[in-house]
Structures are given as structure tokens and as C-alpha cells.
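Q: One-letter residues, chain by chain:
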Amino acid sequence: MRLLLIEDDPDTAESIRDALRGEGHEVHVEERGDRALSRIRTEPFDILIVDRMLPDLDGIAVVERARLAGNTSPALMLTALASISDRVEGLRAGADDYLVKPFAMAELVARVDALVRRGNASPETCSFGTIHIDRLRREAFREGRRIILQPREFELLEQLVSHGGRIVSRLMLIERVWHISFDPQTNLVDTHMSRLRQKLNAGFAKDAIQTIRGVGYQLREDA
Amino acid sequence: MRNESGTARRAALFFIGCFALITIILGFGVHFVSSQAVDRQIDAQIAREMQELVTIDRKEGLGVLENEIRRREERSVNGFGYLLRDADRRPIIGSLRVPPLSEGVGTSWVIESDGTDHGVRTATTKLRSSAWLTVALAAAPTNALHPPLLILFGTSLVLMFGLGILGGALFSRGIRRRLETMNSSARAIIDGKLDTRITVTERGDEFDHLAVTLNLMLDRIDALVGNLRRVSSDIGHDLRTPINRLRQRIERLRTLAGKEPGLADELDAAIADIDGILAIFAALMRISEVESGALRRYFAPLDLSAGLTLLGESYALVAEDAGAELRYEIPLRVEIVGDQELILQAVVNLLENALRHAGGAGPVTLSLSRVGEGVEIVVADCGPGIPPEERARVVERFTRLDPARTSPGQGLGLNLVRAIAEAHGGSLTLEDANPGLRAVLTLPRDGGKQD
Numbered sequence: 001m002r003l004l005l006i007e008d009d010p011d012t013a014e015s016i017r018d019a020l021r022g023e024g025h026e027v028h029v030e031e032r033g034d035r036a037l038s039r040i041r042t043e044p045f046d047i048l049i050v051d052r053m054l055p056d057l058d059g060i061a062v063v064e065r066a067r068l069a070g071n072t073s074p075a076l077m078l079t080a081l082a083s084i085s086d087r088v089e090g091l092r093a094g095a096d097d098y099l100v101k102p103f104a105m106a107e108l109v110a111r112v113d114a115l116v117r118r119g120n121a122s123p124e125t126c127s128f129g130t131i132h133i134d135r136l137r138r139e140a141f142r143e144g145r146r147i148i149l150q151p152r153e154f155e156l157l158e159q160l161v162s163h164g165g166r167i168v169s170r171l172m173l174i175e176r177v178w179h180i181s182f183d184p185q186t187n188l189v190d191t192h193m194s195r196l197r198q199k200l201n202a203g204f205a206k207d208a209i210q211t212i213r214g215v216g217y218q219l220r221e222d223a
Numbered sequence: 001m002r003n004e005s006g007t008a009r010r011a012a013l014f015f016i017g018c019f020a021l022i023t024i025i026l027g028f029g030v031h032f033v034s035s036q037a038v039d040r041q042i043d044a045q046i047a048r049e050m051q052e053l054v055t056i057d058r059k060e061g062l063g064v065l066e067n068e069i070r071r072r073e074e075r076s077v078n079g080f081g082y083l084l085r086d087a088d089r090r091p092i093i094g095s096l097r098v099p100p101l102s103e104g105v106g107t108s109w110v111i112e113s114d115g116t117d118h119g120v121r122t123a124t125t126k127l128r129s130s131a132w133l134t135v136a137l138a139a140a141p142t143n144a145l146h147p148p149l150l151i152l153f154g155t156s157l158v159l160m161f162g163l164g165i166l167g168g169a170l171f172s173r174g175i176r177r178r179l180e181t182m183n184s185s186a187r188a189i190i191d192g193k194l195d196t197r198i199t200v201t202e203r204g205d206e207f208d209h210l211a212v213t214l215n216l217m218l219d220r221i222d223a224l225v226g227n228l229r230r231v232s233s234d235i236g237h238d239l240r241t242p243i244n245r246l247r248q249r250i251e252r253l254r255t256l257a258g259k260e261p262g263l264a265d266e267l268d269a270a271i272a273d274i275d276g277i278l279a280i281f282a283a284l285m286r287i288s289e290v291e292s293g294a295l296r297r298y299f300a301p302l303d304l305s306a307g308l309t310l311l312g313e314s315y316a317l318v319a320e321d322a323g324a325e326l327r328y329e330i331p332l333r334v335e336i337v338g339d340q341e342l343i344l345q346a347v348v349n350l351l352e353n354a355l356r357h358a359g360g361a362g363p364v365t366l367s368l369s370r371v372g373e374g375v376e377i378v379v380a381d382c383g384p385g386i387p388p389e390e391r392a393r394v395v396e397r398f399t400r401l402d403p404a405r406t407s408p409g410q411g412l413g414l415n416l417v418r419a420i421a422e423a424h425g426g427s428l429t430l431e432d433a434n435p436g437l438r439a440v441l442t443l444p445r446d447g448g449k450q451d
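Chains as they are written, first to last, in the numbering used here: chain A, 1 to 223; chain B, 1 to 451.
Isolated chain B, as found in the complex (with noise of 0.2 Å):
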């Protein structure tokens, strides 16, 4: 969730960046462009102006040039700077202060008598005596924009940044919005409300198009899973009935069998056959009641420490009867919300995995710790331990790493514990315990509610 909406954040901000980017781009680049205009203009100024000097050079002579510069920069109409050097560059007349210049216009730095310096555009002309006339106009300012330009531009950029993360803003929490209406309908299927569709707006945008093929794949699911449950109650339903009156006529059997010898025995272990065909039916059924989420509306606060250490001090002596050693470790009054018998029956089922297959190897450690919003259920061994490739497979259904089949269990415990701890809100890991099987149930205090 806090995913999707951080896309429409960054989203927005990259564009408010590109945008000021071309703002600031736009911004230079008419600077430049105005200012070259003005240059321009300068430069014609100039031209005339030095037109004028050459005219008079040429028709009268160096001595009336000087004293006409003398006069113009008396008179100081138009601003112009002049500097009229011999053909040895020594400057003759002119308060122009620049280096000398080759022939031709550009723009100088003038450093006036005060200190401060500021650009000029400059014509230099040889003329008839090799003297060396340069004539200058103060340039348009290049080191800072325009005053009114400034404020255009920074007014444009400040807009843009308010008026592009005010936008942002919007967008992204127009699409969070949108977004957590589908996450939260996702989650109450994922909760087993598989009635659950997602609402479509009257806008019929992407967003509408996106809710109504959920809402047509939603439809296909709940149809198949309300199919496969029927199927498989059915099945459960009419291979139960029928399981049950063979077991209840082999009991009749077994009471008129009385005591011979022979014929009771077999009635026995024909019973206990069926009782291993109904334990399978069993825990195939109690997967499925945990899976569908159904069972989360029993949900209650529960005593974790109490029933843990129930747990450990039975087992430890039953770990004693087996010639293992069983090692428990519970913090007092760890409380969380879900079913009592559903936790107990995945920590038993730990238990009895790691003791059957490794509890020769080594002591067997449960242990419970607080972590984070969530608890912590630790079953480890020191046994040979599943290796990594294995540990996925090993949680599927009827999954046993023993390929003969000859040790006991149908292949549903570790199943059923995934199940129920992914009913609250949880999830089971099998880990290296370097030797042995770190079995990690983390369950959530609230028992996985979502709101």
C-alpha cells in the first residue's frame, strides 16, 4: 500500500522537477536571446557613431577627430566611451579605460575610477594614420537577468512548484484512494470473504476497467473454489458415511469375535487401518476448514505463555519416555488474538516432527519471544536438518522426505501448520539450525486483522 502511492509521489515529483527544469532552460535561454537583441542594437549604435568619427577623420584629419571626441565626451549625450590610440597603441584622447583591442567589435570590462567595473560593447577601427579609434557603449547586463524578467520567471517557478506538488498531491492520493479500495477488497478474499468485489465508479477510467476484469476473475475463482468445496464435501461427506458404518460393522464383528485369538486380532488392526484412512480424512478436512479462513471468526484473546508451557512440560516428559531431551524457554503472560487449539495443534505438530526425526541427535529447544507487532514460536532440533531446496516442498500436501514412506505421519503435519499459521495473519519457516531444523512460526499479536 505504502508502495503504490510512494510511485504516484515519485511520479509527481518527477515531473514538477522536469517541468521546472524547462522553466529554468526557458528562462536562460530568452536571457541570452534578449540580451544578444540588445547587443545588436548596441552594436549598430556604435557603428553609426564610429561612422561618424571615421567621416571626420577622413575628410579633416586626426586634429579635428581628437578635438571632436574631446567635445562628444564633454557633451556625454549617449554614453559612449571613446579612446583614440597612435599606431604604437599609446593612448592620444579618450577616458575610455580598456586594454588595447584588435580590430573589430566585441565587448571589454571597464574598470572605472571608482572600482567598479561593467561590460562593453566595443567597435575598433585602424584609421587613415594607423591610429587605433575604439568607440564603446555600456552592454546589456549578462551576469543577472532583467529585474522584471527575474520576477517572471521566479513567480512562474514558485507557481509551478505549488500549483505541481498541490497537483501531486491530489493525483497521488486519488490513485492511493483508488488503490486501497481494491487492497482492502483483496484482503477480505484473502480473509476468506470471497464474496467480496471491489466497487467500479461511474468515471469507467483505467481504474473502473482494471475493477471490472478483478471483478469477472473474482467471479471465475469463487465459482471454481465453490465448486472444488462441494466437490471435495461431497467426497469428505459420502466416503465418511460409508467409512464410518464398515468401521461400526467391523466393531460388531469384533464383539462377536469375543476372544479368539486370531480372528480379533485382525478385527483390530482392521480397525485401526480404518481409524489411519479416517485420521488422513481428518487432517485433509481440518486443512481445509483452516484454509478457508472461516475459523477466524472464533478468534479470541489467548493466554500464548499457558498453553506453550502446558505444552513444553508435557512434551518434555514424553521426550524423556523416548530417550530425548526436550528444552523449553517461556516468557510470562505473552498474550495474542486467535484460536488456542489451532496454535497448540501447530506447536504439537513441531514437536512431534522435530522428536521423531531427530530427537537422538540432540536437545530439542521451544521457545517463544516477542518480535516487533508479532510473536515468535521457535521449534529447533539438532537432527539432519531439511536442506534448503527441500524446504519449500516439504510444507505441500502428502510431501515426505523419506521416499520409502516407512516412517510414520501422512505428509499433512507441516501443511496444516502453514496453514494455520498463514489463517492468522502469519507464516511458518523452516531455517538452517546449523546442525538441525529451525521450524519459525511468527504469529501477529492482533491475530491478522487487517483493520
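Looking at chain A on its own, in the form it has when it is part of the complex (with noise of 0.2 Å):
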């Protein structure tokens, strides 16, 4: 994927660029918004990410302008610590996620796959593995056996099997499944993911999810 990064802290840049170059996506960098936007305009993107805080034209604006130029490629908007009208200002201007700084590269790179897969899952029924979910009726099945889940397990498990067998993070899923953007400091997540994985795991020799410390949740393509 052609990744355009927008990010005037030289440090920043060079980490984000490091750990999505070895990922195997080619990066570009650009530190000025205005630079960035004439890049967008006449270059094809794949994903923007793009720094909420540029010197001259704001992350916001870049957003915006792309938007209004009529650019469509995913954006992912990367806000100051904590701050609700950073996030909501620009998921209005046309960002399709927000990161909040600091983050670690491993949410970044989940966040990134997340947006290249967007699009990419059909509506009502969707599978990884030996795993099928039907979204219409909230049906699981595992090797087609029925599993029965409770609505917040059967979110949870979506959130996995939409995004293949890639690292969903903790964020992610309380964002998704919750709608909160904030992280409790209890673990809401843990507590619903280990009720799912008993239930999914019953009768089965292999664990069907696999956790990355620290990070997140992925399915496992062997189970």
C-alpha cells in the first residue's frame, strides 16, 4: 500500500515510517500541510495519516481541503493526548479514524490494516477460518456448529473476524464494541474476551484467538 505521512516531528515521522515500512507498506513523509495537500492532489494515496498539530495549514484543514478536492482514500487522523474536540473535529472534516498521541506502533499498524481492509467485508455474513458470523441474524458457528453468544461476545468476536486474522487492539474493540473512546482501568475487554474464548473454544482441541501482550486480539488461521 502507498501510505502518505503527514508529521512535522522528524522523530515521530521516522518511527511511524520504520514500523509501517516493515510491514511492508511504502511511505511517504511530508512535514507541511500545504505540501501535503498539492501531494494529494495530484499524487494517488492509498491511506493519509495525517498530524492533527502542523505548522501552517492544521491536520483538520488537510483533511478538509482532500475532501473538498475529492479525494476518498482512508485517513487516519493522528490527535493530541485526551482532547474530544480534536477527535470529533476531525472525524467532521473527513477523517475515517483518530489515533491518540502517544500511541504504540503496534495500534498504529492495526489501526492502518483496518482501514486498507475497509470495504472489503460483505454486509451480512462474513468468515475467517473455520469461524462464519451471520450480522443479520447474530449468529456465530465454528466448523458450522452453532455458537451461542452474548451480544457484547458476538461484537467482539465481528470485530475479529472482519479484520481477518490481523491484531484487532484493545482500543479498537473498546472504541467498536463499547463506543467509548476513553480505556477503563478495568479490564472490560479481558473479562468479554475470555467468556467468548471459552465459548468458542468448547469442544474444540485448538484456542481460536490468540493474544498479542499488550496489544490486542487476533484469530488464529490454524484453529
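Just so you know, these hints were derived from the structure itself, not from any lab. Fair warning: there could be bad hints in the mix.
[As the list claims (entries may be wrong)] Not the full set, but computed from the structure, chain A residues with beta-carbon under 7 Å of chain B:
| no. | residue |
| --- | --- |
| 1 | I148 |
| 2 | T186 |
| 3 | T191 |
| 4 | T211 |
For glycine and all other residues, C-beta sits at the position ideal for the given N, C-alpha and C.
Build the complex: two chains, separate frames, hints provided.
A: Dropping the structure here:
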């Protein structure tokens, strides 16, 4: 994938670029908003990663103008710590996701993966490995066997399945299942994930879910 | 607002009452003084009549006097009444019906043959022959005002009440209007519009002086707040960026360290420490953002029931895993205006506090109810509670009741809850649950909009 990273801090830019290159992406870096905008207008990028705080033209203006110019590439906004207005304004301007600085690189990678996969999934049913879910009936199956899940457990599984074998971070699960963007101090995700895991693995030899310590979860392809 | 207008109205009513009282006193005074004057005139007339009769008695004897009295009564020109009694006070002549009177002048009551009675001024003299002569003349009416006076005072009382109430209403409305201007400006400032100023009129009265002083105070506060925000945002930004880089560097080191047991664990611990520092930063900046009131512009109608049910279901499982119990009672379709994320964060903080400090002591309950114009979210536990004298302190920043600070948490949770409640025009109160703590989050349904 061809990515454009718009970030004025060279150290942060370097870390992000290295991490995404490690994932096999082609990363272009721009430090200034106006220059980034002229590149967006002339070159194709699969994903935009835009820092909210930029000298001259800020991140929100960049996304807003790119959208006005007809660009539809998924955009990930990097916002200041804990700022609700940054997040809301970013999403209103046309960003598809946001990530609060500072973040673990694994979190960024997971978000970029999610944006890459965006729109690939069929709306009604979705499968990965031996697991199959029906979104309309809210039913889950492993090797064709029906697994009875509570609403939150189903939504967690839905997130894992729709991201394929890629890592889904804890924060992404909190945002998408509980619709909140702060990280509660209790292990909300772990509690529900362990129940999902129990139900999903009952009667099967292999654990279908793999925990990535400090980052999140993914489905095992071989399970 | 209602109180200030009440004050003006009360003042107006008080003055109307005072004026009415003064007018009534004045009326009675005038009446008293004028009847006194009339009585004096009457007394003088009686004295002259008496003088004439006494002279007749002295010069011509009692018999002539009796005839003279009879003659005068028959003529009855001046309206005098006469009564002549002998030394034993038996009536000799005269139609005046008064009880025996001692010597001198006074007021007496006369009962007429038709049953009516009226007051008279009397003068009584002991004659040479020890007979008693009483001369009387109708007195000024004492029990009723003269009709012209009555009309005069009645009219002034009515006018005074009318004008007083009208003037009072105008006065209190004027004051209320001026106060309302100040009030709405103050509310705008509370809502985070710190650049609002109170309108100063051309009149240059006390209210304008007050407005000018308040505006100067607001300028000063605005400058100080601006300064504080700039400093904290500078500190926030300046510290965040290096901490950010430090985290990235350690993360890179962690990658380089690979699976080397001791080193990798140490670096993981370092990353966790940095995340702890960042969490405090995040909480502080979230509190500042909420307190600034800037988030009010994102307020929208939201289904509180759905959000709280989601939290109740989820945290019941978290509690179960921790060996505790969470019960929740959420009515359907309670909607309010606000920020869903913030309200849920407030409830999460209360739930996590209750489960952390009192999860082992008995069930924790989460409930939602409609109360008047608002809603009440209550999180109650059966734990040790908070002593009443500590309750105000625990909602301040960095307050933790555990002096050793060994329990997890940053001492910012309740402070954020209060900031969120106040940003919605509501409040957080901590009460005794007997035993345990009852945290009550009261939120108006309209998001605390003043207009």
C-alpha cells in the first residue's frame, strides 16, 4: 500500500515510517500541510496519516480540503492527548479514524490494517478460518457448529472476524463494541474476551483466539 | 433571578405599606384636631349661653330663669338643650336628657325620644339657689369622619395604592431587567464564553458602576485564565512531545532487545511507567477540556438508557470475575441532551470506584431515574463509605483517602465526574448509603441550557 504520512516531528515520523515499512507499506513523509495537500491532489495514495497539529495548514484543514477536492482515501488522524474536540473535529472534517498520541506502533499498524481492509467485508456474512458469522441473524459458527453468544461477545467476535487474521487492538475493541474512546481502568475487554474464548473453544482442541500481549487480539488462521 | 425581583417587589410593597400607614395616621390626626377645634367653638357658644342664663338667675331669680328656659326651648333657634335640676338633682325644667353632671364642661350622650342617640358638649353650673343648670349643644361627630374628609382621604389612599403598586412594579421590573442582563452575562461566562461582558448603559447609575467594576474583574479573570490555559497547554505540549519521543525510543529498544529475558521485561516495565505518566496527563487535560465548557457545542440528544444498560451488562460481568456483584435498574428510553462519551466516562469512573473500594462488601447498584426536570444516576455500594467531612475533599484533584497511595488510581476520577456533571449543568453528590457510599449524578434533561 502507498501511504502518505503528514507529520512535522522528524522522530515521530521516522518511527511511524519504520513501523509501517516493516509491514510492507510504501511510506511517503511530508512535514507541511500545504505541500502534503498538493501531493494528495496530484498523486494517488491508498491511506493518509495526518497529524492534527501541523505548522501552517493544520491536519483538519488538510483532510477537509482533500475531501473537497474529491479525494476519498481513508484518512487516519493523529490527535493530541485526550482532546475530545480534536477527535470530533477530525471526524467531522472527513477523517475515518483517529489515534491519540502517543501510541504503541502496534496500535498504529492495527489501525492502518483496519483502514486497508475497510469496505472489503460483505455486509451480511463474514468468515475467517473455521469461524463464520451472520451479521443479520447475529449468529456465530465454528466448523459449522452454532455458538451461542451474548451481544457483546458476538460484537467482539465480529470485530476479530472482519479484520481477518490481523491484530485488533484493545482500544479499537473498546471504541467499536462499547462506543467509548477512553480506556477504562478495569479489564472490560479481557473479561468479555475470556468468556467469548470459553464459548468458542468449548469442544475444540485449539484456541481460536490469540492474545497479543499489550496490544490486542487476533484470530488464529490454523484453528 | 426570582429572588432579586422578589427583593424589589418586597421593597415596593414595604414602602406602599408605610405610606398607607402614615396616611391613615394623618387622617385620624386631622379628624382629631378638627373635632377638637369644633368642640372648642361649641364650648365657647355654650359658655356664652350659660353666662346669659346665669346673669338672668342672679338678677331676676330662678322663676324668671325657668320661664326663660322654657321660652328658649320653645323657640329652639340655636339648638341648645337645657336642663335645670334642684339641689337634690331632680329635674325642674328642660328637655335635655342627660344624667346628673358635676360642675364644668364635658361630653355626654343624649338619648332622644325616638331612640337615637348623639354626643353633646355640656356645661354645668351650680346656681345661687343650689339648683344645677346644664346647657348642651350637639358635638362634632366623633365616631365618623366628616364626609368631605372621608372622601379626601379615601381618594388619596386609593391613589397612593394605585400609584404605589404601579411605581413598585415599574421599579422592580427596571431592577429585574438590569439584574437579568448581568445574570445572563454571568451565565454565558459560566458556559465558557469568557469574553462576554455586561452591557453598560448611558445612565451612569449604580448598576452601570457595578457593571463597569464587574467587567474590569472579568477582564482580569479572562487574562488570568488565558494565561493559565496557555501555560498548561504549553507545559502539556512541551512535556508530551519529549515523553512521546521517550516512549518511541524505549519501544525501539524493546524491539532491539528481542527476547532477551531481563532486558525485555525492564523495557516493558519502563513503557508501562511512561503510559502511567501519560494517563495522568490525559486525565488532567480531559478535566481541563471539560471544565472549559468548550465541549458544550457537541452536545446532542442521546439515549441514556441504552448507554447505561450497556455499561450495566458489561460491568456486571467484570464484577462477577472479581468476585463481586453489580445490580442495575435502568428504565427504557430516558433521553437527555449531552455528550454520551463524557456521561459514560463519569458512570464508568463511579462504577470502577465502587467495585474497587467496596466490591467485596456486598452488591454494587447502578440505577437511573427521572427526577423533576432531570435524571439521577446513582451508584451505591455497601463498602466503608466516605466520612461526611471528607466528601468535599475527595472530589478535588489528586485526593485519595488512602494516605500511603498504594491503591491504584490517580485521585482524578471523582474530579472528572464532577467536572462532567457541571459541564452538563448538573452536580455530583456523595451521600451515606448506610452502610456504604451513594454517588448521585444529577443531570438536567436539556443539557443545562439556560436560554
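Q: Decide, hint by hint, whether the structure agrees.
A: Checked hints:
For the restraint placing I148(A) at the interface with chain B, the shortest Cβ-Cβ distance is roughly 16 Å, beyond the 7 Å limit, so the hint is violated. Checking T186(A) against chain B: minimum C-beta separation of about 5 Å stays under 7 Å; hint holds. Residue-level restraint check for T191(A) holds (minimum Cβ-Cβ distance to chain B is 5 Å; threshold 7 Å). About 15 Å separates the beta-carbon of T211(A) from the nearest beta-carbon of chain B, more than 7 Å, and the hint is not met.
In summary, the structure is inconsistent with hints 1 and 4 from the numbered list given earlier, while agreeing with the others.
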